[in-house]
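Chain order of the listed sequences is W and V.
Numbering follows numbering that gives the first Met the number 0, in which position 45 of the first sequence is assigned residue number 44; successive positions increment by one, without gaps.
Numbering follows numbering that gives the first Met the number 0, in which position 129 of the second sequence is assigned residue number 128; successive positions increment by one, without gaps.
In case anyone wonders, no lab produced these hints; they're calculated from the structure.
All figures in this text were calculated on a predicted structure; none of them were measured in a lab.
Among the clues, some could well be false.
Below, computed lysine to any residue pairings styled on SDA-like, alpha-carbon distance capped at 25 Å [said to hold, decoys possible]:
(1) Lys382(V) <-> Arg102(W)
(2) Lys382(V) <-> Pro84(W)
(3) Lys382(V) <-> Asn107(W)
(4) Lys382(V) <-> Ile105(W)
(5) Lys382(V) <-> Ala76(W)
(6) Lys289(V) <-> Gly267(V)
(7) Lys382(V) <-> His96(W)
(8) Lys382(V) <-> Glu110(W)
(9) Lys382(V) <-> Arg101(W)
(10) Lys188(W) <-> Ser165(W)
(11) Lys289(V) <-> Asn107(W)
(12) Lys289(V) <-> Ile105(W)
Restraint-style ranges between C-beta atoms, simulated for each label pair [unchecked claim]:
(13) Asp374(V) <-> Asp137(W): 42 to 50 Å
(14) Lys382(V) <-> Asp137(W): 30 to 38 Å
(15) Arg408(V) <-> Arg183(W): 22 to 30 Å
(16) Gly453(V) <-> Arg183(W): 32 to 40 Å
(17) Glu304(V) <-> Asp137(W): 26 to 34 Å
(18) Leu9(W) <-> Glu245(V): 54 to 62 Å
(19) Arg179(W) <-> Ala416(V): 15 to 23 Å
All C-beta atoms in this analysis are idealised placements derived from N, C-alpha and C, irrespective of residue type, glycine included.
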Amino acid sequence: MAAVVPLSNLLDARRVWRGRAEPPPAGEQPTGWAALDAVLPSGGWPAAALSEILLPLDGVGELQLVLPTLARLSQGARPVVLVAPPYLPCVAGWRQHGVDMRRVEIVNATEADVLWATEQCLRSGSCAAVLAWPRQADDRALRRLQVAADGGRALAFAFRDRRHLSNASPAALRLELEARPQARVWVRKCRGGAVPAQPLPLPTAALH
Amino acid sequence: MLWACILLPQLALDGVLRRRPDAGPLVLVAGTGHARSIVAANAAARDAGLRVGQRLSAAQALLAQFEALPYQPERVDHWHRFLAAVAYRYSAEVSLLPHAIVLEVSRSLNLFGSWPRLESLLRADLDALGFRHRISAAPTPHAAHVLTGVADGQVVLTDEQLRHALQRIPLSQSRLPAAAADALPGMGIRTLGQLLALPRDGLRRRFGAELLLALDRLTGAAPAGLEAYRPPDRFDLRIELTHEVEAIGALVFPLRRMTADLSAYLAGRDGGVQRFTLQLEHREGHTEVKVGLLAPEREAGMLFELARGRLEQVQLPQPVLAMRLIARDLPAFVPAGRDLFDERPANALPIEQLRERLRARLGDRAVHRLGSTTDPRPELAQKVTAHDAGWQEPSPRPTWLFERPIPLRGPAPQILAGPERLETGWWDGGEVCRDYYVVETAQGQRGWAFCTPGERDGWMLHGWFA
Numbered sequence: 000m001a002a003v004v005p006l007s008n009l010l011d012a013r014r015v016w017r018g019r020a021e022p023p024p025a026g027e028q029p030t031g032w033a034a035l036d037a038v039l040p041s042g043g044w045p046a047a048a049l050s051e052i053l054l055p056l057d058g059v060g061e062l063q064l065v066l067p068t069l070a071r072l073s074q075g076a077r078p079v080v081l082v083a084p085p086y087l088p089c090v091a092g093w094r095q096h097g098v099d100m101r102r103v104e105i106v107n108a109t110e111a112d113v114l115w116a117t118e119q120c121l122r123s124g125s126c127a128a129v130l131a132w133p134r135q136a137d138d139r140a141l142r143r144l145q146v147a148a149d150g151g152r153a154l155a156f157a158f159r160d161r162r163h164l165s166n167a168s169p170a171a172l173r174l175e176l177e178a179r180p181q182a183r184v185w186v187r188k189c190r191g192g193a194v195p196a197q198p199l200p201l202p203t204a205a206l207h
Numbered sequence: 000m001l002w003a004c005i006l007l008p009q010l011a012l013d014g015v016l017r018r019r020p021d022a023g024p025l026v027l028v029a030g031t032g033h034a035r036s037i038v039a040a041n042a043a044a045r046d047a048g049l050r051v052g053q054r055l056s057a058a059q060a061l062l063a064q065f066e067a068l069p070y071q072p073e074r075v076d077h078w079h080r081f082l083a084a085v086a087y088r089y090s091a092e093v094s095l096l097p098h099a100i101v102l103e104v105s106r107s108l109n110l111f112g113s114w115p116r117l118e119s120l121l122r123a124d125l126d127a128l129g130f131r132h133r134i135s136a137a138p139t140p141h142a143a144h145v146l147t148g149v150a151d152g153q154v155v156l157t158d159e160q161l162r163h164a165l166q167r168i169p170l171s172q173s174r175l176p177a178a179a180a181d182a183l184p185g186m187g188i189r190t191l192g193q194l195l196a197l198p199r200d201g202l203r204r205r206f207g208a209e210l211l212l213a214l215d216r217l218t219g220a221a222p223a224g225l226e227a228y229r230p231p232d233r234f235d236l237r238i239e240l241t242h243e244v245e246a247i248g249a250l251v252f253p254l255r256r257m258t259a260d261l262s263a264y265l266a267g268r269d270g271g272v273q274r275f276t277l278q279l280e281h282r283e284g285h286t287e288v289k290v291g292l293l294a295p296e297r298e299a300g301m302l303f304e305l306a307r308g309r310l311e312q313v314q315l316p317q318p319v320l321a322m323r324l325i326a327r328d329l330p331a332f333v334p335a336g337r338d339l340f341d342e343r344p345a346n347a348l349p350i351e352q353l354r355e356r357l358r359a360r361l362g363d364r365a366v367h368r369l370g371s372t373t374d375p376r377p378e379l380a381q382k383v384t385a386h387d388a389g390w391q392e393p394s395p396r397p398t399w400l401f402e403r404p405i406p407l408r409g410p411a412p413q414i415l416a417g418p419e420r421l422e423t424g425w426w427d428g429g430e431v432c433r434d435y436y437v438v439e440t441a442q443g444q445r446g447w448a449f450c451t452p453g454e455r456d457g458w459m460l461h462g463w464f465a
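Extracted from the complex, chain V is given alone in its bound form:
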């Protein structure tokens, strides 16, 4: 067993910062009234002397201009779970620990290669999403958690090495139950190595079974007792904008973030998305922008481009305060195959993506194919479909067909071929009785025209032999 631990030291702050391109001094505050104090501060704020734990009033005395946002535990929880969904891509066993995610990777190494390679993949994903992190690996999840807290990038592969690595860890960083961790240094026990060397009976008498269980979990003598994380079946992401937005252009940056998050989430559960909804929240009510695709997709750039195409057509009735992306329908994703002997240019855009791009701007029904039906009436002989009956018509048919016949004006046309009688449709009320001719007009156009059987006037034109 090899467990990787991703520690997220700045989760609350990163969740806020990642959607702000320009960051001045910014702090997160918790508490009420005069007791409000800083729980997180970004680099610019720390440079100005602001510290975690400081009262907000003290901070305001130090620095005149900075942003103070409320610390929202539920947002932190949201990002925690979101990153677990991203990590789910690399392992089926993912669990949440305080400020950290652990995942079992020994079997994943078969797929992704050695640990350094998997580690760099994880780091690249987290960097792209904008979350600061520390990563370590150890044979047990709790040990990985402890090691990550001490230093970044530690790797312990065997139980032997683990015992050695735990020797020097101070108890203050051992994440053991607080009562024991506070009391033991007073007894001269300062490192995990010293603690592990003590007789177990004595420890149990003094500190209870809780401490022993924690130690056993750390060394792997007892099961880790973690609840496995399961990614949710729907994606729901809400971003509050920093100010009221009246122009669609200002929504593009947050939209890019949201679609990238959706893509990362989909990659985690190896799924795709076929339709999703963007909700633009106003002071009163909201505007919905629906994005539908022909086939499940998950590529970030494509999702972004399609969503932007739909968004740009929207007229905003009121300023936008927040944006929300909801995807309920998450079918399995089947990557498109490509022939080895493909005659397309190397940088060709796949036809599916081209179709989506056209649909995003021109409308859902803009791109289609026509196929023939078995109905002989020209108006009903073809329809928008992906399938084709493949019926070969023996009589001449034009190449252009009018949606409905129009009267043929001007002098009587010259008849080139015909007649072909169509008398059908009595069963559904759309009965037709027509004699079709191939005609040539005075201007030299070849048309497909019909008149009532037995007559040679009142020509109705139905198509061109173009």
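Next up, chain W with everything else stripped away, as it sits in the complex:
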């Protein structure tokens, strides 16, 4: 016999949509940016799920989106893992954002192994967040990451080129970054809520 699931669980998990919007519950994984938290249905990053961040170019503020979260997670028990980052993370720069670099593991992987390594990290259950830069990831590969993130109770972030926007994705959240004419973030998909019609200004950290 299938397990009985209380209706409130489904509603809290935002798997069932209701016509009348309710104030979102306080998120488990706040992004650290109040404006973004306010529009996301889970009040932050979808917990234990894949979030996809689509960029036009490197260096348009993609890390600004996740650094407050990483700073918070790097104080916790589980480490943060970067799989195949495109450049070296600058220790001084990350520390200025409050990230404890001793809790950040960097995994160098070749093109063919990025998805494998990401899935292993997510599935292990011993990582708080896994950030990956896959070049070739299709719908099936992303679905595997989504399932692994769910199994390992970890935040998964996939940074990809904006041209993948037209392809369907199993990610729970898709954000698109825009650099010109203004630095803005579009929420392109968010599970459990309506997609906001307006973009948000991209949060830019003050230059120290």
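Since the structure of chain W is already known, use the hints to place chain V on it.
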């Protein structure tokens, strides 16, 4: 004192069979030329009528198809010592007797619980390793040896019970010196009980002190006189394959056995292994596969998975005839602790194991952490390390850093902040003199770029404020 005896009746055969998943009729033969005879036969061979002691030529007349392997005394000795190393886990006093291992367990019972529980642990270990065995316990090692030879699973706890148990043992099974054991039945003495009742003086006159010493050792009146076993400081296991193997996949089964043996050995000496070598032997030369770990480990599944990960990357130049596992470096093993209030899921893989798994496939240097140094030059300000100087940089630093600066092409960037002058490194020849700016490119990227002091062109890009 309580001594457990593990009798290994089929040691030679088990040592061969345990690495063959499918066993047809198989015998071990010793001797040369026409005098070759069977010294051990497996169940399938015995069913076909093959017997120990039979001539090989007679066996070939009985059965057309069976495998005959040479009996190798040194392999038997190897397995004997290996099992002693496994038993060392349960007691510090382990000795070798012919076809048997004895270990003193009275003090081990405090740790492992009652004798039935310890016995089941021993049996489970031996079953997992694939060795048939009989186990008994008695107050003296020689008595345990004798009792095990008579029946499996006997337990004698006190000297009183021991005397009683020895009464009925026939002299042919008493493991006394052969001269006495052969001669005494002719005098009407058939059991140990009858022998122990005889006057000692007469026995000494007729059979010498040797028999009395053996009897005293049996009853515990004299010290057992056994040499204590010490486990070796290195693990070296070689498996000869049944045929030439050209695909790595066929090495997985023997590898699983070898890593399980290594794990059992490490558990015996309460150690771990940090690096070991797999040697794949060919007709000429051999291929070495080195397996290195970040911390000592001994869990069989993990050792197997890591070794397999390394093995799968190997290109075989020639077929493999034999495989050898050598572990020289056996440091102490410290089990990982776990918090009571751990926020990880219950079935989480420990981060150490995850790291090893990634390293096994991606390479030794694939997983690392970065820490800052005290050098102000951006190229040298961070390195791969587990430690971190923790220096808080007051000036803005990017989040992405390039391994080396690249020329910034396109129209001149817009300057957002700067300059910050870095003029240093004169002492080691890597002198730099740069003005760093935070710039925004025409595409809206924020970069960290520098140019020669006093100039505003020839921009070199060194990172992104991503």
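Status of each hint after checking the structure:
1. Straight-line distance between C-alpha atoms of lysine 382(V) and arginine 102(W) comes to about 15 Å, which keeps the hinted pair within the 25 Å bound.
2. For the proposed pair lysine 382(V) and proline 84(W), the alpha carbon gap of about 16 Å is at most 25 Å, so the pair holds.
3. Between lysine 382(V) and asparagine 107(W), the direct Cα distance comes to roughly 15 Å. Compliance with the 25 Å bound is thereby established for this hinted pair.
4. Note on lysine 382(V) and isoleucine 105(W): the hinted pairing holds, with a Cα-Cα distance of about 12 Å set against a maximum of 25 Å.
5. Between lysine 382(V) and alanine 76(W), the direct Cα distance comes to roughly 24 Å. Compliance with the 25 Å bound is thereby established for this hinted pair.
6. Of the supplied pair hints, the one linking lysine 289(V) and glycine 267(V) holds, its CA atoms being roughly 23 Å apart against a limit of 25 Å.
7. At most 25 Å may separate the alpha-carbon atoms for a hinted pair to count; lysine 382(V) and histidine 96(W) meet this at roughly 19 Å.
8. Simply put, lysine 382(V) and glutamate 110(W) have alpha-carbon atoms about 24 Å apart, close enough for the 25 Å limit, and the pair holds.
9. Restraint check for lysine 382(V) and arginine 101(W): the C-alpha separation of about 12 Å stays at or below 25 Å, so the hint holds.
10. Taking the CA atoms of lysine 188(W) and serine 165(W), the gap is about 12 Å. The hint holds against a cut of 25 Å.
11. Between lysine 289(V) and asparagine 107(W) the CA atoms are separated by roughly 20 Å; this keeps the pair inside 25 Å, and the hint holds.
12. Among the hinted pairs, lysine 289(V) with isoleucine 105(W) is consistent with the structure: their alpha-carbon atoms are about 23 Å apart, no more than 25 Å.
13. At roughly 43 Å, the beta-carbon separation of aspartate 374(V) and aspartate 137(W) lies within the given 42 to 50 Å, and the hint holds.
14. Distance hint check: the CB atoms of lysine 382(V) and aspartate 137(W) are about 37 Å apart, consistent with the given range 30 to 38 Å.
15. About 26 Å separates the C-beta atoms of arginine 408(V) and arginine 183(W), a value consistent with the hinted range of 22 to 30 Å.
16. Between glycine 453(V) and arginine 183(W) the C-beta distance comes to about 37 Å, which sits within the given range of 32 to 40 Å.
17. Between glutamate 304(V) and aspartate 137(W) the C-beta distance comes to about 28 Å, which sits within the given range of 26 to 34 Å.
18. The supplied range of 54 to 62 Å is met by leucine 9(W) and glutamate 245(V), whose beta-carbon atoms lie about 55 Å from each other.
19. One distance hint, 15 to 23 Å for the beta-carbon pair arginine 179(W) and alanine 416(V), holds here, with the actual separation near 20 Å.
Taken one by one, the earlier hints all hold for this structure without exception.
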